[in-house]
Amino acid sequence: MLRRILLLAAVAVLAGAGLYAGGQQPQAPPPVAPAPAKAGERLEVPPPPFTDGIFPCSACHKDLKANRARRTLTDMHTDIEFTHDAEHRWCLDCHDANDRDHLHLASGELVPFDESYRLCGQCHGEKFRDWRAGVHGRRTGEWNGHKKYLLCANCHNPHQPRFKPIEPKPAPVRPSRPPK
Amino acid sequence: MEANGQRSGVTRRQFATCAAAAAAGFVLTACGPKRLHEMSKDRLKVLIAEMERKYAQQYGTAVHVANTPAMPGVEFAYALDISRCVGCRRCVYACVDENNQSRDPQVHWIRVFSMEKGKGVDFTEANPYYEPKDVPEEGHFYVPVACQQCRNAPCTKVCPTGATWTDPDGIVVIDYDWCIGCRYCMAACPYGARHFNWREPTIPKGQLNVNTHYLGNRPRPNGVVEKCTFCIQRTRSGRYPACVEVCPVGARKFGNLLDPESEIRYIIEHKRVMVLKEELNTLPKFFYFYAT
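As they're listed, the protein sequences go chains A and B. The opening residue of the first sequence carries number 112 in my numbering; numbering runs sequentially from there. The opening residue of the second sequence carries number 5 in my numbering; numbering runs sequentially from there.
Keep in mind that the hints were calculated from the coordinates and are not lab data. Note that the coordinates shown come from a computational prediction; the quantities given were computed from them, not determined experimentally. There may be inaccurate statements among the hints.
What the hints assert, rightly or not - Not close to chain A: a few residues of chain B, all C-beta gaps over 12 Å, as computed:
#1 Lys45
#2 Gln110
#3 His112
#4 Lys161
#5 Ala191
What the hints assert, rightly or not - Each computed PhoX-like pair below joins lysine-lysine, with the alpha-carbon atoms no more than 20 Å apart:
#6 A:Lys258 to A:Lys238
#7 A:Lys259 to A:Lys275
#8 B:Lys281 to B:Lys137
#9 B:Lys275 to B:Lys58
#10 A:Lys280 to B:Lys275
#11 A:Lys238 to B:Lys123
#12 B:Lys281 to B:Lys161
#13 B:Lys281 to B:Lys121
#14 A:Lys275 to B:Lys137
We put the CB at the ideal spot given by N, CA and C, even for glycine.
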């Protein structure tokens, strides 16, 4: 009789433990996308990192006829090594053919160089969304106040966007016997 | 007990009472008095003025020691993107400069581990002494580790003098004047985040950061434990920690957990987030995530 009671008790405990452990998994809340960028909203960014003297581009280009043929440039801008999807893109996919002081979106809309993030965000939408939230890229300023953005081009060279390896700072010294 | 005609002067009752009192005292130091907050404001002002005078004499330049209290409604948290960290160690040295760490003997509050992509986050296979010509190395990823500012910190529980505690804004702080250098907290920390001053710390002339905080980066004496304080001298005035501002790839994020608009909350809600040594239940406020 006692053995039967003990057996029943053991089964009850195990069943209870099983219910508790293998019970409901908490449901993850559905992901909420951050608020979309308001049209026409300008963000405060540092100036675009132009090479000295290159801007405004119209200083030379207003007198030059636009040549839309896709080619490797030989007369000028030969210092630019282009590796940003070079197989499918070339200069005039981002730079506007008629107004070299602006870039253009896929729709043809012109954007100034200090709003170049709108152009980058066209293809790199996830990065753009994260950048607006402050999660992609470096942040300076105040964590509870005015936060500063950097332009995409301040870190990524738009013609060669991949970061090059850098030299690391020295390794820590290995711990040795504590001095007397 | 009779032995050689001599009787021990302590009775069992006396011994037991004494031991119980000692044990109670030890336990209370973790949850009870926080010497700094107990002090009267005038006494504290005098103490800080004396400290500033001593530092000015020692380093030959005016040093400012702040005592900014925690902001209400703030709980700091940190997030680090290990898909972006390239292991350049610029955070390590920015921290050294900002927080007046000893150069010789060398103290680094941040340690960057190089791990292999095939093996994942595994501290038994991690190497903090990597020194290649360029980073990132092929097939490696990098995990910088500093104080995780645990919500369930083991270090604050074991301090025998109550010299370390968690301040209301979530930063685990050390009062260097109360630390006796027993290093019990260093044994308790599972992340190796606490560091000891084995000798008098040395800071080269002209490299002292004169904007200091009592619980943070003021120059430490010999024989005390120190660690990352989330740049308490910066963050309590609204600025980002030095490591966040210097990271060249933007892998480091900092903010207020209680602010739903902060980057930290965005990361926790939208990214794959993990903490180190989760099984130890230290509940760190330092999150690692993958942005891609």
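Pair hint lysine 238 (chain A) and lysine 123 (chain B), alpha-carbon separation not exceeding 20 Å: 27 Å, violated
Given as non-interface: glutamine 110 (chain B), partner chain A, CB spacing beyond 12 Å: The assertion about glutamine 110 (chain B) is violated, with a minimum of 5 Å to chain A.
Agreement of lysine 280 (chain A) and lysine 275 (chain B) with the hint, judged by alpha carbon distance not exceeding 20 Å: 29 Å, violated
Satisfaction of hint between lysine 275 (chain A) and lysine 259 (chain A), Cα-Cα up to 20 Å: 25 Å, violated
Non-interface claim for histidine 112 (chain B), where every Cβ of chain A lies beyond 12 Å: Violated, since 5 Å does not exceed 12 Å.
Consistency of the no-contact label for lysine 161 (chain B), given chain A and a CB cut of 12 Å: 25 Å, holds
Proposed proximity, lysine 58 (chain B) with lysine 275 (chain B) (alpha carbon, max 20 Å): 48 Å, violated
Satisfaction of hint between lysine 238 (chain A) and lysine 258 (chain A), Cα-Cα up to 20 Å: 18 Å, holds
20 Å limit on alpha-carbon distance, applied to hinted pair lysine 275 (chain A) and lysine 137 (chain B): 13 Å, holds
Satisfaction of hint between lysine 161 (chain B) and lysine 281 (chain B), Cα-Cα up to 20 Å: Between lysine 281 (chain B) and lysine 161 (chain B) the Cα gap is close to 18 Å, so the pair holds against 20 Å.
Given as non-interface: lysine 45 (chain B), partner chain A, CB spacing beyond 12 Å: 25 Å, holds
20 Å limit on alpha-carbon distance, applied to hinted pair lysine 281 (chain B) and lysine 137 (chain B): 31 Å, violated
Consistency with the previously given hints fails for numbers 2, 3, 7, 8, 9, 10, 11, ordered from lowest to highest.
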